[in-house]
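Just need the whole structure built from these sequences, with the hints factored in.
Here are the chains, one letter per residue:
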Amino acid sequence: MKNKHKRGELSTQQIVLMIILIASFLVILFFLFRLGIGEKSEEQLCHNSVLQKASIFSEAPLQCYRNYICITKDGSCEELIKPEKIKVKSLDEVYEALANEMTDCWWMFGEGKVDYAGEDLTKNNYCSICSQIYFDDSLENLEGVENKKISKDELYDYLAENNYSKEQTYSQYLFGTSDISGLKTSILEYENNLENIGNFGNIEIGKQYFNVMGITSSVGWVEWSGVGAGLGATIIGAVWAISGPPGWIAGSLILGGGAIIGGTAGTGAGELIEPEIGAIIIEGKSGNQFMAPTLQEAESDKFKALNCEEILTYT
Amino acid sequence: MLKTKRGMLLAEETLKMVIAIIVIVFLVYFLVNLYFGKLKDDSLKKSEQLLIKSDQSIKNIIESLKEGESKNLVLQEISSFGDNWHLFSFTEQEKPNSCAGKNCLCICDDVIGEDPLGFVKQINECNKNGVCIIVSNLKNEKVNIELQEDFATEISISKQNNEISVTKK
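As they're listed, the protein sequences go chains A and B. Quick note: the first sequence uses my numbering, first residue 14, plus one each step. Quick note: the second sequence uses my numbering, first residue 42, plus one each step.
Where hints are given, some of them may not hold.
Said to hold, decoys possible - Calculated cross-link-like contacts (lysine-lysine; reagent style DSS-like; alpha-carbon spacing at most 25 Å):
{"hint": "1", "chain 1": "B", "residue 1": "Lys143", "chain 2": "A", "residue 2": "Lys161"}
{"hint": "2", "chain 1": "A", "residue 1": "Lys220", "chain 2": "B", "residue 2": "Lys100"}
{"hint": "3", "chain 1": "A", "residue 1": "Lys95", "chain 2": "B", "residue 2": "Lys107"}
{"hint": "4", "chain 1": "B", "residue 1": "Lys87", "chain 2": "B", "residue 2": "Lys183"}
{"hint": "5", "chain 1": "B", "residue 1": "Lys169", "chain 2": "A", "residue 2": "Lys220"}
Unchecked claim - Coverage of chain B stretches by chain A, computed from C-beta distances (three or more under 8 Å per stretch; other residues unrestricted):
{"hint": "6", "region": "69-75"}
{"hint": "7", "region": "82-88"}
In short, the hints are calculated from the structure, not lab data. The beta-carbon is built from N, C-alpha and C at its ideal position, and this holds for glycine as well.
Encoded structure:
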C-alpha cells in the first residue's frame, strides 16, 4: 500500500492527525487564556524589567502596568471599565485579596533587595502604583462593615495572623515582622508623634484606592520627610525597638497630623487630613529605603502627601 | 486507480495552499499590527509629552495657574496616518479607568465623530489607547478639541472660581 503513494504525499491518516493536533493546540490555548496566564506573565515581565534595570542600570523604562481591580460582593462594578473582578463573601476574603495584591506588588519590585532607582537620581521618591482597586458599593452589606468603612488596622492584623507561605506570614514577608501591635505602640510612643497617631485609618467603600509602593533614590526617609512635610505630611521616624537588620522596618510615614494643606493644582481649597500611619518604611537589603505597599485613596491629599516624584508604572 | 491518485494530489495541493494562505494571513496580520502598534506607541508618547512630561505640558500649566488667570498653549499634531486625535474632557459618571473616578482630560483617537451615542465607545478607546490626567476641579463642560494634522491647535486654559476651563482659541 505504502508503495502506491508518491513521496511527500499526505495520507488521510496524516491529515486527520494534523487536524487533531491543531484542534488540541487551540483547546490548550483556550484553557491558557481562561486560566489568566497572561496576567502572571505581565507580573513576570515587570519583575524581570526591575531586575534588569538593577543589574545593568539600563535606561530602558520598567515594563510594569497598573492592574485595575474591583472587589465586589454582587459582581457589579460600575466605576471601572472591564476590571479584574474579585467576588467576596466576607471581610476576610476582602483582606485576603488586598494581602495578595500587596505581596504581588512587593515581589514585582524586588522585595526590597533591588535598587531600580539608581545612583544618578537626585532626592526623589519613585512610586509604583501596582493596582487601582475599586471597593464596590455592594461591600457595605458584608458582615463587620460599619458606616461604609473597612478598617485598615484589621487588614494589618490579617497580614500578621495569616500565612503568605509555609514559613512566614504576609507581614513577615512585607515588613520583616508579625508584631504589628508592637509596631503601632512603638510609633505611638515615639517622641515626635505629638498627636499620638497609632492607627492605619480606614478604606471607604465606593471609592478607588491605589496599592502603591516606593523606593528612595539615594536618600533616606529623613530627607523624604523634608519633601513630604511641604505637602502637609508629617513624617516621623518610629524607630523599631531594636534596630533590625536590612529587610526590617526603618520607620513609618504618618500622613496628615492635623495639618491644613494648601490647595495644590487639581485640588480644591485646603482641607483637613485625618491623620494615620500612611506607610511603613523598610530598610532594604539593596541599601535603599522602601515604602512597603500601602493603600491610599486615588489622587487624594494623603496620596499626594507621599510626594511621589514619578510614577514608574504605566496606566 | 489513476483517478484516485489525481484526486489525492488535488487534495494534497489544496491542503498545502490552505496552510500557505493561513500562514500568509497570519504574517500580514502580524506585520500590520506591528506597524500600527508602533504608530500608536509614538502617538501615545507625543500625547504624554503634551499632557504631562514637557515643561509646557497641560498639567504644568494647570498647576501654575492662579485664580482668575488664563494661559494659552499651542498643541502640536499627534498622529499623521489618518487617525484623528482629540483632547477630551470626562466629567460625567463614566470615565476611563486611569481617571480613578475623578474629572480628567485625555488625549486619544476620536472614534465617535459626530455620533453622540458613541460616547461609551469613546471612553473605551481613551481607556485602552489614550493618555489622561486627573483634574479634580475641571469645569463640568464638554471639551472635544481636534489636534489638527497640518497646523498647530491653540487652546486656552483658565481658572475661575477654582474651576479649570479648557477652550479652543
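Status of each hint after checking the structure:
With a CA separation close to 20 Å, the supplied pair Lys143/B and Lys161/A stays within the 25 Å bound. Between the alpha carbons of Lys220/A and Lys100/B the distance comes to roughly 24 Å, so the proposed pair stays at or under 25 Å and holds. The straight-line distance between the Cα atoms of Lys95/A and Lys107/B is roughly 38 Å, outside the 25 Å bound, and the hint therefore fails. Between Lys87/B and Lys183/B the CA atoms are separated by roughly 23 Å; this keeps the pair inside 25 Å, and the hint holds.
With a CA separation close to 22 Å, the supplied pair Lys169/B and Lys220/A stays within the 25 Å bound. Coverage of the region 69-75 of chain B by chain A is violated [criterion: at least 3 residues with CB-CB distance below 8 Å; count 0]. Residues of the region 82-88 of chain B with a Cβ under 8 Å from some Cβ of chain A number 0, which does not satisfy the need for three, so the listed coverage is violated.
Against the hints set out earlier in the document, violations occur for numbers 3, 6, 7.
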